[in-house]
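J.: For reference, the chains in residue letters:
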Amino acid sequence: MTEPARLASVHLEDLAIISMKTLPGVGPLSLYPDLDAAMRSKLRARIKQLSRYDWPANLTDDPLLRRGYTLRQCFRLVSALALVDAYLGPSTAVAIAANNELAIMRSILRAIRADESPPANDLMAVFIAGDLWQLAEADGFVAAEPTRLRWIERRSLNDLWTAEHDLEVPGQRVVIDLARITRVAWRWIHARRLMPSDAFDVFSDEITERDADPSYQHLSMRTTRR
Amino acid sequence: MRRSWISLPFADLLGRAGLLPEEVDLALRKRIEQGKAAVLTYNEAVPAQIRITTGFNVVAIGRAHGRLLVSIEQRTATLLHWTYREHSRNNCVFACLGGVADAHLAALPGKNLKTLADPEFAASESVINFIRVFADGWLEAHVSPEWEQYFGKNST
Chain A
1 MTEPARLASV HLEDLAIISM KTLPGVGPLS LYPDLDAAMR SKLRARIKQL SRYDWPANLT
61 DDPLLRRGYT LRQCFRLVSA LALVDAYLGP STAVAIAANN ELAIMRSILR AIRADESPPA
121 NDLMAVFIAG DLWQLAEADG FVAAEPTRLR WIERRSLNDL WTAEHDLEVP GQRVVIDLAR
181 ITRVAWRWIH ARRLMPSDAF DVFSDEITER DADPSYQHLS MRTTRR
Chain B
1 MRRSWISLPF ADLLGRAGLL PEEVDLALRK RIEQGKAAVL TYNEAVPAQI RITTGFNVVA
61 IGRAHGRLLV SIEQRTATLL HWTYREHSRN NCVFACLGGV ADAHLAALPG KNLKTLADPE
121 FAASESVINF IRVFADGWLE AHVSPEWEQY FGKNST
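Quick note, the sequences are listed as chains A and B, same order. When you line the first sequence up against my numbering, it's residues 1 to 226, in that order. When you line the second sequence up against my numbering, it's residues 1 to 156, in that order.
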């Protein structure tokens, strides 16, 4: 009874496509997306691809994974999918999502709690890309911690190159609007009541419990496919 | 062929829609043969036919361990009224918005679902095992519907 609610895996493709496709605003959600089998299997393949990198979890660290994903794992999945959606390969997407997990979860928590307030305060994740820069100056690239997401409020998007927002390094900026994506994801889960409403409270406790932990941790990932 | 079961509530819905459990089984088997997931989702023919003929918003039909499992979300465009989901043989949940006094809730386990709320199909006759109340006013009644075997009755 005390274990957290889980979203069964049959809903994952729906969750993925709804959170990626829904436009900002308060229009009605398409609760039952019309996905044909080919599209569904493509999404399923993407999700499986992520799970080969042990994301959002593997059966060793969560034996109950077969029953479905907890809300935190759903958000982990959605955040990695958002990066995959930006043409990043799964190994990069998972590395970024894992290294910045706490920061991502905190921004999600803040976005969903502030659902009613104007979205100008939303934190946007900024990813520093530097495929060519890396060739010219490998040390500088590594020192800039390219897998660390920078965070900037939506209204400050003009300041994408300022030291004030920890954005003085060279390289291209990829801005990911995780707040909107995950807000849609939770709205959809909630509207269909695929998880009881206390799932969000459980998630919120889980994250606030770790308030003291650093938001960026460089984890050594398993990168080989099994 | 493996032995197969269907819950009485779902059999009631299928009967109203003029479908047989074997037809649903066949639709699922076709999907498996095509290498697709063994779930009939919202936009497929069988759930759509049940929705049109009975008015019950069937969102998914699956099968696990030889049992057909139905999932219903009764709703208007913006408001969810109740849900009935069969996750497995022993895990069938009816959920609705509560507002029921605690004393009344305590007396409900062991009684039929219709003493709590009547969804107007055979699920009303299922026995309530226990009830969970949530902070937002929803409550989940875990029910045990009866199951009938529709295939392989005479095999082992």
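It is possible that part of the hints are untrue.
[Unchecked claim] Taking lysine-lysine pairs in the DSS-like style, the calculated list, with each CA pair at most 25 Å apart, reads: (1) B:Lys111 / A:Lys42; (2) A:Lys21 / A:Lys42; (3) B:Lys36 / A:Lys21; (4) B:Lys30 / A:Lys42; (5) A:Lys21 / A:Lys48; (6) A:Lys48 / B:Lys30; (7) B:Lys36 / A:Lys48.
None of these hints come from the bench; they were simulated from the model.
J.: What are the numbers of the hints that this structure violates, sorted from low to high?
T.: 1
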